[in-house]
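So the sequence lines, in the order shown, correspond to chains P and Y.
Okay, so the first sequence: first residue is 5 according to this note's numbering, each after it adds one.
Okay, so the second sequence: first residue is 528 according to this note's numbering, each after it adds one.
The hints are simulated quantities; they were obtained by calculation from the structure and are not laboratory data.
Computed from a predicted structure; not experimentally measured.
Think of the CB as a built atom: it goes at the ideal place given N, C-alpha and C, for glycine as much as any other residue.
It is possible that some hints are incorrect.
Unchecked claim - Here's a subset of chain P near chain Y, in silico, CB distances under 8 Å, partners left out:
#1 222
#2 400
#3 420
#4 421
#5 422
#6 467
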Amino acid sequence: MQIEFGELRTAIHNALRSWNRVDDGNEGLLEELLLVQAILQEEMIEATPTARRLATNRVLRDGIEALGRQSDRDSEILSRRFMDGEIISNVALQMGLSDDQIKRGQKRAITQLTHIIFEQEQRKREVVAQEIEGSLPPATYSALFGVDEAIDTLESQIIQQSLPHVLAIIGLGGIGKTSLADAVVRRVIRHFAFSEIVWLTIHAPIQWQDNYENAAMESLMTQLAQRLLPHVASSITPEQRNIQVRQALKRSPHLIVVDNLEAEEDTAALLALLSDLANPSKFLLTTRTRPGTPSGLFNYPMPELTSHAAGDLIRHYAQQLGSSDLATATDEDTQRIYNLTGGNPLALKLVISLASVLPLPHILRDLVVVETDAVGQLYRRIYHQVWQVLSDNSKALLTIMPLANGNPMTTEDMQTASGLTAQQLWPAITELVNRSLLETKGTTWERRYAIHRLTETFLQTDILGWAGESI
Amino acid sequence: MTQSAQTHFIQATNNVLTRWQSKTQALSDDLLASLQPEYALILSYTQYGLRWAETRETAVALIEQIYPLIELYGRWEQWLTNVEKVITELENDKSLTMFKLVRCQSRLLFWTRQTDKAKRVNSQALIIASGLEDNRLYMAQTYLEMSMLHLQCQELAEARAYGEKSLGILEKMPDEIVLKATTLGILGHIALEQHRFEQAIVYLEQAIEYQATFLISIANLARMYNVLGVVHQNLGASELAEQQFEKASTLLEPTNNLIDKVRTQVNLGWFYYEQKNYSQAEQVFDRLVQGKTLWQLENTHLQASTMQNLGNSLVAMSRYREAEDYLTRSIELWSIGNDKINHANTLGTRGEARAKQRDKNGACKDFREALELVNAYPENKRAQTLAKRFTRQLIKQGCKL
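Given only the sequences and the hints, what does the whole structure look like? Please build it.
The structure is reproduced here in C-alpha cells:
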C-alpha cells in the first residue's frame, strides 16, 4: 500500500495514545509500516498482540529519539505525554510551560515525528523493493512495446485485495508472456501489498507428457516449499509439506508467479490446488493454453503486437544490435517484416538478428514460403535460417543447452559440456545472446544462461533428431 | 561442428557428469548447503546420463556419490522415475551398473517411505551382487541397506542379522572405513532398540572412533554421540549421558545443521526430565520454544514434541495452568502434522492437567476425544496402550463415556 503523510500522522498519534494497550485488535498499531513488519519478522517468534505492540513502540521510540536530536523539548513532551502517560497540566508544570504551549508543542512534535518516520519508512521501502527485485530473474528485455494497457490492467487486478486470486496471461510461445509478467511484478513490488513475491518456473521434461498436471503440481509444491520453508528437512512428508506451504500462504499475502505453465490437457485439479492455496495470496500464471474459467480466475489473453508497436520494437532492437539501416527503417519497411512474422516479439527479434548477416529481402523471401503455414512452421524456418549463419563454436554451445532442461546453466558447466575454451566460450555466448538464442539469467555476480522453450524444441527435433522420443 | 550433434551431446553429457563427480567427491556440510541452486541441473544432467550406454556408468556413480545431496533436497519421486525407467529398459542385465541402479532404486524407495518395495528391490540387488566378481564390498553395502530398512520397520532381529553380515565382511576389508563406521552406528542403534545396552556402547564407541579419527561427517558423529547418550541414560549413567549430548552440541555449534542442533537439545531436555530434574528440563525446552531455530525448521513434528515436552515438565512440577497452554499449542501442531496418535497422547496429558485443576468437563472432553482418535488404530500397540490409559482416566474422573 502507498503511504500517505496525513494518514500516517493520524496513525502515529493513535499509536502514541495506545502506548500501553495490548489487545487482539489492530487499534493503535502501525502494522502497515515495513519498519514494524521488519522488527516482527526479525525478532519475534509469533505476531502476538504483545509482540505487535512492542514492535510499534520500538519504531515510535526510535523516532522520538531521532526527534530529540532536532528538539529536546519536543521529544520530552512526547515521552512524558505518551510513554510515561502524564497529563498535560503535569507535563506543563514539570517543564515550566503553559498548558497551551504543551498542546502546541505536542502537535508540532507529532508532525515532526511523522516526518522522521515517513522518511525512515521510505528508505526501508526502497531497500525492500530492491531486495525483491534482486530476487527476480533478470529481465530478458531492455524495453517493452505495446503492453502499457496490459500492465495497467494486470497491476490493478493484482493489487486489489478481493478477487481475482488467480490470474493467467495466455498466449503463443514467444509472444512475451514472461516479459509482461516480469513488468507487472516490478510495478506491483512498489505497492508493498505482498509480504513476499516468489517467481517460479515450471520446467517440463518430456517424460511429464503422460501426466503433466500431477508432475506440474508436484514441481510447484516442491519449489514453493523450497522458497517459503527454506529450512524444511527431509523428515517431512509431501503431505506435511503441502499443509505447511498452504499455512504460509494463508498467513500473509504472497504473490506467486508461475512462469511457463504449458498445460495442454485439462488443468482442473491444478487450478483447484491454486484456488485452495490462494486468498489472501495471489497467483499469476503464464501459459500457452487457456486454463479454463473457474470462478476467481482472471484470464488475460495476450494479443500480438500491433504493426506500430512491432515497428518500434524492430527499430529499438536493431539499434541495440548496431544494425543502422533497420534502426532507421520506415514504417513501410517494418510493415513488410510484420506482414510475414506477425506481432510476435521473439520471431521479430530472430529475424532482426539475421538481418545483420543476411540481406533482408533474402530472409523475407524465404519466409514467404511459409506465410500461410502455422506459427510453428514459421519459427522452424526462422530457426533454420539463424542456425545456418551461426559460427561453429556457437553451434557447439547451443547444441548442449537442452542438457539443462530449461534451468539456467552456469558458464562453468556450459564450458565443460561444450568443450570450448574460455577464449571460445564468451564470443559464442555473445553471439547467441545477440541472436536471441540465449537468455541471460542469474545475477550480476554470477551470470547464467537458458534457452527459450521454442529454441529447445528446435534443437531437440531438428538438430539432435529426437522428434517424438522421450528421455 | 565436425562431429554429429548427437555425438557432441553425448560427449557433453559425459563431460558435465565427470565435472560434477569431481566437484562432489567430498560433500562437506558447507558444500551441501551451497549446492541447492545446482540441484535441478544435476538432476537433469543425470537424467540424460542414464539415457545412453556411454554415459550411464558415470551417471550412476554420480548419483551414488551425491546421496546426501539428494536426501537433503528431495524430488525423490523424480529421481526414482528416472532410475526405474532405465532398470525396466535393461531388464535382464546383471552387470555392476545394474546392481548400482537397483541399489539407487532401493535408497530412493527408502526415502519415499516405500520400505516394503525397497526390501524386495534390495533382495534383487543381493542376487545381482552375488553373481559379480570380487563382490565383497557390494554384498556388505546391500546387507547394510537391508539392515537399515528392517530397522526402519522395527524388525530388529532381521535388522541385526543383516547388520552383522555386513560387519562380518567389512572386518576383512580394512580400507572401507566409511562403510564400517556407518554399519557400526546402525548396529549400535539396533542394540539400543533391543535394550542390549552394553553391546550398543561397544558398537557406538567404535563407530565414534572411526568417525572422529577420519572426520567422516560431523553430523553423523553428532548423531552417534546422541544415540550413545540415550544408551547411557537407559543404563542410569547420567553423567556419561550428559557428556555425550554436550559433545554432540559442541560439535554442531559451528555448523549450520539446525535440525541436528535442535534434536540434540531435545535429547538433553529429555535426559533432564528422565532424571526428574524438571526445572533444568524446562529451561532447555523453554529456550527452544522461545528461540527462533525451532520455528525456522518448519518441522511440525519436532515443534509439537518440544512443546509437549515443555508441557510435561511443567505438569511434573504441578504448574498445570502454564502446562495447559503449551499442551494446547502442541495439540494444534500435531493436528497440522496429521499425527493422530501423538495428538491423542498430548490430549490425554492435557486432560490430566485439567483434572488436577478440577476442570472435570475439560478433562473428560480431552479423554473422550483422545480415546476416539486412538480407537481408529486397533492394530497399533501404542495406540491400544494409550486407549487403556484414557479409559482408566474416564472412569476415574467419572466422565460420561
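Taking the closest Cβ pair, is residue 467 (chain P) under 8 Å from chain Y?
5 Å, holds
May I ask you to test the interface hint for residue 421 (chain P) with respect to chain Y, counting a Cβ-Cβ separation under 8 Å as satisfied?
With Cβ-Cβ at 4 Å, under 8 Å, it holds.
Residue 400 (chain P) as an interface hint toward chain Y, with CB separation required under 8 Å:
Residue 400 (chain P) check passes; min Cβ-Cβ to chain Y is 5 Å, inside 8 Å.
Evaluation of the interface hint that places residue 222 (chain P) against chain Y, nearest CB under 8 Å:
This interface hint holds because 7 Å falls under the 8 Å limit.
Please check whether residue 420 (chain P) passes as an interface residue: C-beta within 8 Å of a C-beta belonging to chain Y.
5 Å, holds
May I ask you to test the interface hint for residue 422 (chain P) with respect to chain Y, counting a Cβ-Cβ separation under 8 Å as satisfied?
This hint holds: residue 422 (chain P) lies near chain Y, its Cβ roughly 6 Å from the closest one there, short of 8 Å.
The structure meets every hint from the earlier list without exception.
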